[in-house]
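Could you build the full structure based on these sequences and the hints that come with them?
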Amino acid sequence: MSSEDVPQQIEQMEIAQNQEKTKMTVADEAQATVSNEENADAAVTVNQTNFVTPDDDLHDIHPYRDRHFNEEKIPNLLVNVLKQLKPGVDLTRVTLPTFILEPRSLLEKWGDFVAFPLDVFCAANEPDKDRRFLFTCAWFMSGFSLLPKHVRKPYNPILGEMFRFYLDHEAHPFPQAHPHDAEYDMSQIAGVKHNPTVYIAEQVSHHPPISAFYISNRKAGFVAEGWVYTRSKFTGNSAGSIMEGRARLHLLKFGDVYECTFPSAFMRNVIVGNYHMEITGSMDCCCVEQNLRAHLEFKPKPILGGKKGNLRGSLKRDGRVLYNIDGNYLDKTYASKPSAPKDKIVLSDSANVNAWTAKTVGRVANLEPNESRRLWSGVTRALNACPADYDAATVDKTRLEDEQRAAAAERQKTNSAWVPKLFSEGAWESSSDGLSAPCRADWTYIHRDVSPYTEGDDGDAALATAAIIDRQRV
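Note that numbering that gives the first Met the number 0 has the sequence shown beginning at 0, numbered continuously upward.
It is worth saying that the hints were derived from the structure and are not from the lab. Ideal Cβ positions, reconstructed from N, Cα and C, are used throughout, including at glycine. Warning: the hint list may mix true and false statements.
With beta-carbon atoms standing in for the labels, derived distance ranges [unchecked claim]:
1. S415 - P207: 11 to 21 Å
2. P340 - D127: 15 to 25 Å
3. P386 - P207: 34 to 44 Å
4. A440 - S415: 13 to 23 Å
5. R311 - P178: 16 to 26 Å
Taking lysine-lysine and the DSS-like style, the derived pairs with C-alpha atoms no more than 27 Å apart in a straight line are [what the hints assert, rightly or not]:
6. K252 - K307
7. K298 - K252
8. K341 - K300
Encoded structure:
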């Protein structure tokens, strides 16, 4: 599209948006960049009736199985990308074409960790500490199984962008029998009235790009927190996101804290071969209180033949192997004791669509301007059109990026710093026996609560149904 076409395209988008029966105008969306200091406070003030009410809940669809993508090979990717790429370049400085975008924000993508809740519910109730660690590791790696068929990249979040959802366990109840172990006692999980599991995320830094998240269901016995710094590189025929940072899972009933690092995500064959995405590298987990450690290796797909998704690893206590792990994180993974390597138990079954739980998300028209699905709604509408309108998506994506650059320039001019609304920076409490300290400071939700649940405590429900604002503890 030429520069002369841009005003006309913007006008066409405005007309299309006005024809839709929504109250969100282009002017509303322009306020969505909370990098604008004048509107920052207003952007994080969430009307308590706006997030989720019984008539307004939107139970989400599967991000890949139920959603249409243009899955044909993209012939212009090489031309668009190679103009900007050199070995070692940082991909956060590269503008990727809109036809490679996945129609959701990276903040929503991080929420895939919550998509398979049974493992963490089991971990929160499992009295055997070794098996508890198995459930925890299965949960940590479960979100990585949600990959598009071909190369797709989520939106880079705008500074101050926020994404929230909850899992409605009443609408999506757990099975009466455990899918991998018929003898497992599900009495504390199935048929029990659960509070919602709540996910909150914010983009706390743009350069470098850092996302922080918080997950809570204290009644079920767990709270998780984490942050991810995506350090991206182009190397030869692959483009990868090196995910630095860490996550912690607090199991409140037992006082255990489990910590994990992240593997990396790669787009393969961006120059030669068939495009595909895969998770590779290592993920380390530990529980200092129980002297437990795990090391999991996500194997790259072999150049000639073979499947992607293979995984190997082990769980240890004091250096002694308790379980060996093998299988495929896109399908089934197994655990076996060294003394009985053929006696395998199913650790995870990502191919089982019934294990996935839909998110409950506020409708776009009711979201705050800085919430992901409203902020990127113009781009998403264009990408989800049939056929996809990549020109319109590019116009709206460029508008958002230009507004963010202008806001950053204004802050530099006035010598003012950006301050996140929902998370604060500072080192987590640590132990010399835990994982290596990260290269950057940790991020903590400002209303973090890892105290055990007591009867009548409605904190989790309040998180799901009320405001999340910087002036109110919920």
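Hint check:
Taken as a hint, the range 11 to 21 Å holds for the pair S415 and P207, whose Cβ atoms sit roughly 19 Å apart. The given range of 15 to 25 Å is respected by P340 and D127, whose C-beta atoms sit roughly 21 Å from each other. Evaluation of the 34 to 44 Å hint for P386 and P207 yields a pass: the beta carbon distance comes to about 36 Å. A beta carbon spacing of about 20 Å between A440 and S415 agrees with the range 13 to 23 Å that was offered as a hint.
In this structure the supplied range 16 to 26 Å holds for R311 paired with P178, their Cβ-Cβ distance being about 23 Å. In summary, the hint linking K252 to K307 is not supported, as the alpha carbons are separated by about 37 Å, beyond the 27 Å threshold. Of the supplied pair hints, the one linking K298 and K252 is violated, its CA atoms being roughly 35 Å apart against a limit of 27 Å. Among the hinted pairs, K341 with K300 is consistent with the structure: their alpha-carbon atoms are about 25 Å apart, no more than 27 Å.
The structure fails hints 6 and 7 (numbered hints given earlier, in ascending order).
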